[in-house]
Amino acid sequence: MRIAIIDTSTTRAAIISDGLREAGLDDIVVIDGAGGLVAALEAAAPEVILINLENPSRDVLEEFFTVSRTLARPIAMFVDQSDSESTAAAVDAGVSAYIVDGLAKHRIKPVIDLAVRRFQAFSRLQAELHEAKSALADRTTIDRAKAILMKRRSIDEPAAYGLLRGQAMRSNRRIAEIADAIITSDALMGDL
Amino acid sequence: MALDKVRIGFLPLVDAALPILAREQGFAEAEGLEIIPVRDKTWATVRDRLLYGHSDAAHLVAPLAIATALGRGRPAEPIAVPFVLGLNGNAITLSLPLADAVLDDSVRGEDGLADPVLLGARLKTVALARAAAGRPLRFGVVHRYSSHNYMLRYWLAAVGIRPDEDVEIVTNSPSFAADALATGEIDGICVGEPWNSVAVDRGVGRIALVTAQIWRRGVEKVLAMRTATLGADPDRARRLVRALHAAAAHFVDPATRDASAAILARPEYLDAPVDPIARAISDRVRLTQGADPIHVPDFMFQYREAANFPWRSQAAWLYAQMIRWDGIPYSAEAAEIAQGVFRPDIYRAALAGSGAPLPNASSKLEGSIDGAAIGAGSTQGRLFLGRDPFFDHRAFDPDDIPGYLAASV
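Here the protein sequences come in this chain order: A and B.
Numbering (the numbering used here) for the first sequence: 1 to 192.
Numbering (the numbering used here) for the second sequence: 1 to 409.
With the rest of the complex left out, here is chain A (with noise of 0.2 Å):
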């Protein structure tokens, strides 16, 4: 069963290629949008084609479908009626597919199962990517203030962090908004 990937994120589409050849899975081709998205369709001529719900090529590759002659039969979207909740699950998770029609839906279900929880794992490492991004930019900030408070008020440094912390928490916001104010008002006042 052949399975054609289109992503506009070459990471996922490489994140669920892998999985689907974990799975045993192996006739699979990675299509980009780049340069002939439907001759390389055509090529290929796959039975199960993965793409992301907000690929903006979507509305070209329905249409192909609807008036392809080269394609061996024509593709249906998603799995089944009787299986909308998977479907659901699938939409939930940012994945859309096409189906060659007729392709017996024990073999598609778990291609599609397993694209949605490659799609999750990817969401969830994109939220991991940038709560760890806004934790180091956030220590950046705090440094800095630490850094100004030591000089203008000639202490060290836990009684820097200190500071900041104590203000903190009387006036219920987090370390690196104080951090951030200090910065500021350091950058509008200068010397005085």
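In case anyone wonders, no lab produced these hints; they're calculated from the structure.
Model, not experiment: these values are computed from the prediction.
Below, in silico cross-link-like pairs of lysine-lysine (DSSO-like), each with a Cα-Cα straight-line distance of 30 Å or less:
id, chain 1, residue 1, chain 2, residue 2
1, B, LYS5, B, LYS41
2, B, LYS41, A, LYS133
3, A, LYS133, A, LYS151
4, B, LYS41, A, LYS109
Starting from the known structure of chain A, arrange chain B on it as the hints suggest.
Frame of chain A, contents of chain B only:
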């Protein structure tokens, strides 16, 4: 009191204005609703979000609502259209090389727009020569199931150019229209505003025709809901119809133009330049780069003459075009499903007791008024219907789709 949330999917187009203005100008709030706009890049995504509950309603190309109910290309899903978001507002823009070949004073009317018959004859010569040379002209439309596709095909076929045989018709995203014209990927496109005007302002295309010249009262975007979603809370659907109707009255008031254009231009809505949006709202069209915009009466038609009323005959016309261009057989059962998508009953229930004119009938002979406006029967308010002809002066009788199609070949 807490507001009921209604998530509405949309594509960045000027005719997404009514749900956006209903939110921004307080019409939704007045009905106890909070509209949450959900923007996407493709109609396929808008449709999927609607079907799988990421949105409660959607700004949708009318034929796609019918195609979804009929199960074209996917399992069928009952869809209800209680409100039409507008008529027309689209144009046909040609690439500079094609415009140079076919657009000159001999095919232009006094206003500067081309005459559809004269331009058609000129275009036919070029199209046939290109087809004979193995390089057929290629036109873009925004979706297979869009009024743009059906308007373009209607015009081409009526002037003797066979779509899919003499010229190619492909799908292009609205916001990439200018790019596709600039690179020569397509020779022309039928698309909604502001994307024609963006192509003109970038100097990569010229507007030849507006779709109002092809069908003066052509149905365009609709508010689509899953029938199940509508049925689960009919009161919310009625309030939404009232909010959108109030937004439509606001939208067509010339005094609101600049404010509406500024709202629509915002990054979270159309994310497009404000000037072409303001032009579209006020029915002004700049045909070529640097030219003064001309006034095109009824370019966009969002409110007057009960323009928001979902006539079953509009759905019937779209179904007839679907049969014609998908090459599927006519079926009385499918025709009934298609017409049943448009829900004048919900529109009437929502606006009963307001000042809005409510037509007596749910269906009419489309394209039959070619002279002065005529009075139409109404159960509430006074209703006049203005000129609504097709450019080839053929009327459409929704009760005789097979007869209409037999004469269309």
